[in-house]
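Peer 1: Residue-level listing of the chains:
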Amino acid sequence: MKANLLLIGRPSADGNQLVRRTYIASNGDKRHFDKSVDQKELSRLIDVSDKVTADYEELLK
Amino acid sequence: MNIIGIDPGITGAISLISSDRVAQVWDMPTIKIDNKLKLDLSELNVLMGMVFLITHLHRKEDTVVYIEKVHSMPNQGVSSTFKFGMTYGAICQAAIHYFHSYVDVTPQKWKKKMNLLNCEKDAARLLAIELLPELADKLSRKKDHGRADALLIGSYGLLNRGKP
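In order, the protein sequence lines correspond to chains V and P.
One point on numbering: in our numbering, the residue at position 14 of the first sequence is 9, and numbering is uninterrupted.
One point on numbering: in our numbering, the residue at position 93 of the second sequence is 98, and numbering is uninterrupted.
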């Protein structure tokens, strides 16, 4: 089952950004991953979220 | 890409998810005239101008505006339907003025994507808190459903990569 990635975050005091990655599977299931990232990692994650869908079963492992 | 989500109407809201993925939400500006709540057209233009300026800081990025598509309801009164249509038209005009275009999205379409079809009204607010925990304090009351809808319309736009 494929899952879309929704990536939304907020700036943190240390200059990083706290992001919540939410994978929404085609059946509506959701799985969240929270992470503090720097600008470089944030850019990479935004690129990833714009281009790929994930395999939901793999995420659950 | 910057995404703006708008839940039109007096109790609606405007959300912005900027290209660095920071989400913000503002209530639809209103004014009381003759003890009746109306859309504050002047403040709406100020708010949209401010949102435009924020998106302009990310000028390399496109901005896509999503507005929930609304229509008259069979059992609605003529007067309230006219008032709602005026509000909707003003919001669409403000979006066109600052961003040149907008995308109509039906409630069924964005709610299906967010798995909210046939759910009770408060489910959208709870989902918005789940997706955007940093905005939980702005979504804590049941009457914050307009803010939640605007944020979820924006999230729908983000998932759709700015496409209809």
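Among these hints, one or two may not hold up.
Stated by the list, open to error - Not the full set, but computed from the structure, chain V residues with beta-carbon under 8 Å of chain P:
| no. | residue |
| --- | --- |
| 1 | Met(-4) |
| 2 | Asn(-1) |
| 3 | Gly23 |
| 4 | Val43 |
Note that these hints are calculated values from the structure, not bench results.
What you are looking at is a predicted structure, and each value in this text was computed from that prediction instead of being measured.
Idealized CB from N, CA, C, for every residue including glycine.
Peer 1: Tell me, which hint numbers fail for this structure?
Peer 2: 1, 4
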